[in-house]
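Listed in order, the protein sequences are those of chains F and V.
With the numbering used here applied, the first sequence covers 1 to 327.
With the numbering used here applied, the second sequence covers 1 to 327.
The set of hints was computed from the structure by calculation and includes no laboratory data.
These numbers come from a predicted model, not from an experiment.
Be a bit skeptical, because a hint or two may be false.
The calculated EDC-like cross-link candidates involving lysine to aspartate or glutamate, where the alpha carbons are at most 16 Å apart (straight line), are [as the list claims (entries may be wrong)]:
{"hint": "1", "chain 1": "F", "residue 1": "Lys97", "chain 2": "V", "residue 2": "Glu320"}
{"hint": "2", "chain 1": "V", "residue 1": "Lys205", "chain 2": "V", "residue 2": "Glu263"}
{"hint": "3", "chain 1": "V", "residue 1": "Lys97", "chain 2": "F", "residue 2": "Glu321"}
{"hint": "4", "chain 1": "V", "residue 1": "Lys97", "chain 2": "V", "residue 2": "Asp74"}
{"hint": "5", "chain 1": "V", "residue 1": "Lys77", "chain 2": "V", "residue 2": "Glu42"}
{"hint": "6", "chain 1": "V", "residue 1": "Lys2", "chain 2": "V", "residue 2": "Glu28"}
{"hint": "7", "chain 1": "F", "residue 1": "Lys218", "chain 2": "F", "residue 2": "Asp163"}
{"hint": "8", "chain 1": "V", "residue 1": "Lys149", "chain 2": "V", "residue 2": "Glu321"}
{"hint": "9", "chain 1": "V", "residue 1": "Lys97", "chain 2": "F", "residue 2": "Glu320"}
{"hint": "10", "chain 1": "F", "residue 1": "Lys210", "chain 2": "F", "residue 2": "Asp143"}
{"hint": "11", "chain 1": "V", "residue 1": "Lys257", "chain 2": "F", "residue 2": "Asp275"}
{"hint": "12", "chain 1": "F", "residue 1": "Lys257", "chain 2": "V", "residue 2": "Asp167"}
{"hint": "13", "chain 1": "F", "residue 1": "Lys97", "chain 2": "V", "residue 2": "Glu321"}
{"hint": "14", "chain 1": "F", "residue 1": "Lys257", "chain 2": "F", "residue 2": "Asp143"}
{"hint": "15", "chain 1": "F", "residue 1": "Lys257", "chain 2": "F", "residue 2": "Glu186"}
{"hint": "16", "chain 1": "F", "residue 1": "Lys205", "chain 2": "F", "residue 2": "Asp226"}
{"hint": "17", "chain 1": "F", "residue 1": "Lys195", "chain 2": "F", "residue 2": "Asp228"}
{"hint": "18", "chain 1": "V", "residue 1": "Lys205", "chain 2": "V", "residue 2": "Asp167"}
Output of the computed footprint for chain F on chain V, the stretches with three or more beta carbons under 8 Å from beta carbons of chain F [said to hold, decoys possible]:
{"hint": "19", "region": "226 to 240"}
{"hint": "20", "region": "273 to 284"}
Computed Cβ-Cβ distance ranges for the label pairs, DEER-style [as the list claims (entries may be wrong)]:
{"hint": "21", "chain 1": "F", "residue 1": "Gln153", "chain 2": "V", "residue 2": "Lys2", "range": "32 to 40 Å"}
{"hint": "22", "chain 1": "V", "residue 1": "Ser324", "chain 2": "F", "residue 2": "Glu320", "range": "36 to 44 Å"}
{"hint": "23", "chain 1": "V", "residue 1": "Gly154", "chain 2": "F", "residue 2": "Thr61", "range": "22 to 30 Å"}
Backbone N, C-alpha and C fix where the C-beta goes; we use that ideal spot for every residue, glycine too.
Listed here are the chains, written in short residue letters.
2 protein chains.
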Amino acid sequence: MKIRIGIMGYGNLGRGIECAVRQNDDMELVGVFTRRAPEDVETLTDVPVYHVDKLIEMKDTIDVLMMCGGSATDLPKQTVEYAKYFNVVDSFDTHAKIPEHFANVDASAMESGKIAMISVGWDPGMFSLNRLYGNVILRDGNDYTFWGKGVSQGHSDAIRRIDGVQDAKQYTIPVDAALDAVRSCENPTLTTRQKHTRECFVVAKEGADKARIEEEIKTMPNYFADYDTTVHFISQEELERDHAGMHHGGFVLRTGKTGLNGEHNHVIEYSLKLDSNPEFTACVLTAYARAAYRMNKEGMKGCKTVFDVAPAYLSPLSGEELRSHLL
Amino acid sequence: MKIRIGIMGYGNLGRGIECAVRQNDDMELVGVFTRRAPEDVETLTDVPVYHVDKLIEMKDTIDVLMMCGGSATDLPKQTVEYAKYFNVVDSFDTHAKIPEHFANVDASAMESGKIAMISVGWDPGMFSLNRLYGNVILRDGNDYTFWGKGVSQGHSDAIRRIDGVQDAKQYTIPVDAALDAVRSCENPTLTTRQKHTRECFVVAKEGADKARIEEEIKTMPNYFADYDTTVHFISQEELERDHAGMHHGGFVLRTGKTGLNGEHNHVIEYSLKLDSNPEFTACVLTAYARAAYRMNKEGMKGCKTVFDVAPAYLSPLSGEELRSHLL
Numbered sequence: 001m002k003i004r005i006g007i008m009g010y011g012n013l014g015r016g017i018e019c020a021v022r023q024n025d026d027m028e029l030v031g032v033f034t035r036r037a038p039e040d041v042e043t044l045t046d047v048p049v050y051h052v053d054k055l056i057e058m059k060d061t062i063d064v065l066m067m068c069g070g071s072a073t074d075l076p077k078q079t080v081e082y083a084k085y086f087n088v089v090d091s092f093d094t095h096a097k098i099p100e101h102f103a104n105v106d107a108s109a110m111e112s113g114k115i116a117m118i119s120v121g122w123d124p125g126m127f128s129l130n131r132l133y134g135n136v137i138l139r140d141g142n143d144y145t146f147w148g149k150g151v152s153q154g155h156s157d158a159i160r161r162i163d164g165v166q167d168a169k170q171y172t173i174p175v176d177a178a179l180d181a182v183r184s185c186e187n188p189t190l191t192t193r194q195k196h197t198r199e200c201f202v203v204a205k206e207g208a209d210k211a212r213i214e215e216e217i218k219t220m221p222n223y224f225a226d227y228d229t230t231v232h233f234i235s236q237e238e239l240e241r242d243h244a245g246m247h248h249g250g251f252v253l254r255t256g257k258t259g260l261n262g263e264h265n266h267v268i269e270y271s272l273k274l275d276s277n278p279e280f281t282a283c284v285l286t287a288y289a290r291a292a293y294r295m296n297k298e299g300m301k302g303c304k305t306v307f308d309v310a311p312a313y314l315s316p317l318s319g320e321e322l323r324s325h326l327l
Numbered sequence: 001m002k003i004r005i006g007i008m009g010y011g012n013l014g015r016g017i018e019c020a021v022r023q024n025d026d027m028e029l030v031g032v033f034t035r036r037a038p039e040d041v042e043t044l045t046d047v048p049v050y051h052v053d054k055l056i057e058m059k060d061t062i063d064v065l066m067m068c069g070g071s072a073t074d075l076p077k078q079t080v081e082y083a084k085y086f087n088v089v090d091s092f093d094t095h096a097k098i099p100e101h102f103a104n105v106d107a108s109a110m111e112s113g114k115i116a117m118i119s120v121g122w123d124p125g126m127f128s129l130n131r132l133y134g135n136v137i138l139r140d141g142n143d144y145t146f147w148g149k150g151v152s153q154g155h156s157d158a159i160r161r162i163d164g165v166q167d168a169k170q171y172t173i174p175v176d177a178a179l180d181a182v183r184s185c186e187n188p189t190l191t192t193r194q195k196h197t198r199e200c201f202v203v204a205k206e207g208a209d210k211a212r213i214e215e216e217i218k219t220m221p222n223y224f225a226d227y228d229t230t231v232h233f234i235s236q237e238e239l240e241r242d243h244a245g246m247h248h249g250g251f252v253l254r255t256g257k258t259g260l261n262g263e264h265n266h267v268i269e270y271s272l273k274l275d276s277n278p279e280f281t282a283c284v285l286t287a288y289a290r291a292a293y294r295m296n297k298e299g300m301k302g303c304k305t306v307f308d309v310a311p312a313y314l315s316p317l318s319g320e321e322l323r324s325h326l327l
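Using the sequences plus the hints, can you model the full thing?
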């Protein structure tokens, strides 16, 4: 019997799950659930679309519900609510609020006896795992995380709120010299400015003062003031033609010393180069859906993160197969 | 109370454990156990040295015993034997024999109620984990593992067995062009020759026929015939001065496609650059010793591999601390 997956919320991540489930023979998609009118939602495949009001009454037909809303307002409510009825997986990525989200979701899932996996994806997610593995191996060392090159949605939004801006995309770019210094075990202390640059592609409204817009971007506190920022003004056509992609990626490095007197240096590096950020994130969530299902079958319950999942639960292969083929 | 560690066997790996335990505040070293006369063993620190005959009678003073023997003859016997009395961790690395070793160790540890972690290190170990994580995320993709640059003990030994050879070191070196082809998502099918080259530094005995030695190396089946091999003849002094290091490393890559029609490519890359292969391996074993201890405290038993260990068990930090600092 296949693992029956439901998708709650149908944006880029939901579409990614729709594709990812097709790549996993042991899973099937029950439906997409939306707050919109179902007939207005056009899916990539012939998966049924239901209004979210139908979700709870269909609970016996779904093994794992994929929470595909946003971290700002959707997930803090939805994951807590639906963990009362379903094993759930979400991609909650507001790092500072993870402890609070964990506590709320855990209370809900402990009561229902379900598994709720939160903060799954690549950061938080795979990057977190690599930070943990790096830390436990190289105890006397330093952590470095670099993001990009990729679009930061939050920074793009911040530019769009500036008066006179019609549209914008912002790329976060890791600084090669900083990466090289880390890789050569110089253990640099890197400022915000030294780690990443920001490159902005901005469509100005007709007649807008471009010099003022550029100045407002470059001096914006928190978002840009601490970075070396480049601003390019382009047309809407150029933005749509050249900057529609959702590629992203990044690097997690742990460097550290071993030996009686720390005489040996080591570098652990994990990197991702992704053509589609939401589709890759969806693939990670889908693997953790399998783990959620299997862990719950074994009687486990409550809120879990990637730290709590033994890797074998992620794979459809048996322990014997994993040991023979991948160990 | 600290986790009390014993070291069984005192070679490079044992010395690495001796150093690694010092970097972990929640652990202490009880002693080194050896088949040699204890007074002949010179340790790096003031850890007590005992004859192996004392080991079993000291079982209540040791929480986890680190098995530091070789995979060829020591570990298949020792891990099975000592799992009857101790939580144990070994670095068994004969990939083809892992299923058999697992079965033997599991029988022993299930009966004693202990945890026996086998095949811990970087390959098998961290590389295996990255193969697994890569596979479960990118379902439609390819795996690539490259080793080096680093010394292969087995290949160095094979050269030393050739008539007229006094000493030798062999480096395995990944081919940059192959790595680049993988990273650019060309999904190449790589032959043995295309993935790695072999570089040999050989000390010939006085009067030996160097041309014949070189020919014997380059045509040796399994070890060298399928590779582009370079042979350098050097003096014993040069070998000892320039090739005494134990650096190693390698790369695990998973490339794959996502999207409705596989239109998006992704690259996951994990790499290690190690000044000391045995010290890094020891650090991995030490982290898994913590997991073995904690999992056994929770009532788990039997043979485990890195696939079976939820990452949180590896860290001395609490779940709350991990979620706040590393997620």
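Hints and how they fare:
1. F:Lys97 / V:Glu320: Holds. Lys97 of chain F to Glu320 of chain V sits at ~12 Å (cutoff 16 Å).
2. V:Lys205 / V:Glu263: violated (59 Å)
3. V:Lys97 / F:Glu321: holds (13 Å)
4. V:Lys97 / V:Asp74: holds (14 Å)
5. V:Lys77 / V:Glu42: violated (25 Å)
6. V:Lys2 / V:Glu28: Holds, at roughly 6 Å.
7. F:Lys218 / F:Asp163: Since the Cα atoms of Lys218 of chain F and Asp163 of chain F sit roughly 14 Å apart, the hinted pair holds (cutoff 16 Å).
8. V:Lys149 / V:Glu321: violated (37 Å)
9. V:Lys97 / F:Glu320: holds (12 Å)
10. F:Lys210 / F:Asp143: violated (39 Å)
11. V:Lys257 / F:Asp275: holds (9 Å)
12. F:Lys257 / V:Asp167: With a Cα-Cα distance of about 30 Å, the restraint between Lys257 of chain F and Asp167 of chain V is violated, given a limit of 16 Å.
13. F:Lys97 / V:Glu321: With a Cα-Cα distance of about 13 Å, the restraint between Lys97 of chain F and Glu321 of chain V holds, given a limit of 16 Å.
14. F:Lys257 / F:Asp143: holds (13 Å)
15. F:Lys257 / F:Glu186: holds (11 Å)
16. F:Lys205 / F:Asp226: Violated. Lys205 of chain F to Asp226 of chain F sits at ~26 Å, over the 16 Å cutoff.
17. F:Lys195 / F:Asp228: Given pair Lys195 of chain F, Asp228 of chain F holds - Cα atoms ~10 Å apart, limit 16 Å.
18. V:Lys205 / V:Asp167: Holds. Lys205 of chain V to Asp167 of chain V sits at ~9 Å (cutoff 16 Å).
19. 226 to 240: violated (count 0)
20. 273 to 284: holds (count 9)
21. F:Gln153 / V:Lys2: 32 to 40 Å: At roughly 46 Å between Cβ atoms, Lys2 of chain V and Gln153 of chain F fall outside 32 to 40 Å, so the hint is violated.
22. V:Ser324 / F:Glu320: 36 to 44 Å: holds (38 Å)
23. V:Gly154 / F:Thr61: 22 to 30 Å: Distance hint for Gly154 of chain V, Thr61 of chain F is violated at roughly 55 Å.
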